[in-house]
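Engineer: Sequence:
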Amino acid sequence: MTNREKYREFCKEESDIFIFSKDWFLDSVCGTDNWDVSLVEKGGSIIGSMPYFKKRKSIFNVITMPKHAQNMGVYIKYPDGQKYEKRLSFEKEVMTVLIEQLPTVDYFNQTFHYSITNWLPFYWKGYKQTTNYTYVIEDLSNLESVFKEFNHAKRKNIKKAEKFLTVKFDLPAKEFYENHKMTLEKQNSTIAYDFEHFNRIYSSAYKHNAGRTIYAVDEENNIHAALLVLWDKNSAYDLISTIDPDFRNSGAASLLVRDIITFVADKTKKFDFEGSMIENVEKSFRQFGAKQKAYFDITKVDSKILKHIV
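178 is the number that the numbering used here gives to position 178 of the sequence shown; each next residue is one higher, with no gaps.
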């Protein structure tokens, strides 16, 4: 079996693998033949994995993040009852083998899940890191407590929106895509992905019962805002959001966040806003009572040409 075939079986067995590293999601954002994976095996079982997306960019071979994958990076299956020192030693052992299996490329870039707090084995192999942030509601088990943490402005927006907007689920893929495209054009911006790419994500998420669209409309059937949210066993993720600038003050976005959190609360444990380094966006996520989480953006430049550019 190839590493990719082994990994597909591993994904079936290991429910804690983050959604962005699951084989079916990688198929949708990379293409079935455009990703591979480093594996560490012990006693016939996989104990570490690191999927990666390799492509040609200009004259360079690169490993990079596919569109709409918040994170990839390392997944480690830890033995039960490890002491802290043993855990760090185990991480070093597993990560070192994963790194050594990576193909030689001119440029490497991956973002790791915020649960990965030790990147030293990568540092020792010549990699660099930048710290980014996301915002996460850590416990969805008590929705009353979750919504109490929304600040006054968010609660006010929700009450306003409830008076004249209707929340619906399952906006078809083409309509969601065209709405996002239209809302960006109103802001003199262009959409950064094509419909075929979006449709693969949408179809795969629905097929695996791991995602839904939610949207808010007024009496004239204008879409004020829409979300595509994915989830796995441990977290839901606000993957793509659209807000029509003509209705920016309607409160629709806040209403949708509340209602999608309510929807996913019995399916997962957390809600990840897929944080932004943009100041106004960061402020909005923070106002939902979400906690700041640091995560690593790992890079390495091996090309002599790129070293003079980057």
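The hints are simulated quantities; they were obtained by calculation from the structure and are not laboratory data. Idealized CB from N, CA, C, for every residue including glycine. You may find that some hints are simply not true.
[As the list claims (entries may be wrong)] Calculated cross-link-like contacts (lysine to aspartate or glutamate; reagent style DMTMM-like; alpha-carbon spacing at most 25 Å): (1) K67 - D297; (2) K293 - E196; (3) K293 - D106.
[To be verified] The following label-pair restraints were derived from C-beta to C-beta distances: (4) K83 - F164: 26 to 34 Å; (5) H152 - S58: 43 to 51 Å; (6) D297 - K233: 23 to 31 Å.
Engineer: Would you mind marking each hint as holding or not holding in the structure?
Structural biologist: Evaluation of the provided hints:
Restraint check for K67 and D297: the C-alpha separation of about 15 Å stays at or below 25 Å, so the hint holds. Between K293 and E196, the direct Cα distance comes to roughly 32 Å. Violation of the 25 Å bound is thereby established for this hinted pair. Using a Cα cut-off of 25 Å, the hinted pair K293 and D106 is violated, with the two alpha carbons roughly 30 Å apart. In this structure the hint that K83 and F164 lie 26 to 34 Å apart at CB is violated, the actual value being about 58 Å.
Range check, H152 to S58: about 50 Å between beta-carbon atoms, so the 43 to 51 Å window is met. Taken as a hint, the range 23 to 31 Å holds for the pair D297 and K233, whose Cβ atoms sit roughly 25 Å apart.
Violation of the numbered hints given earlier is confined to hints 2, 3, 4; the remaining hints are satisfied by the structure.
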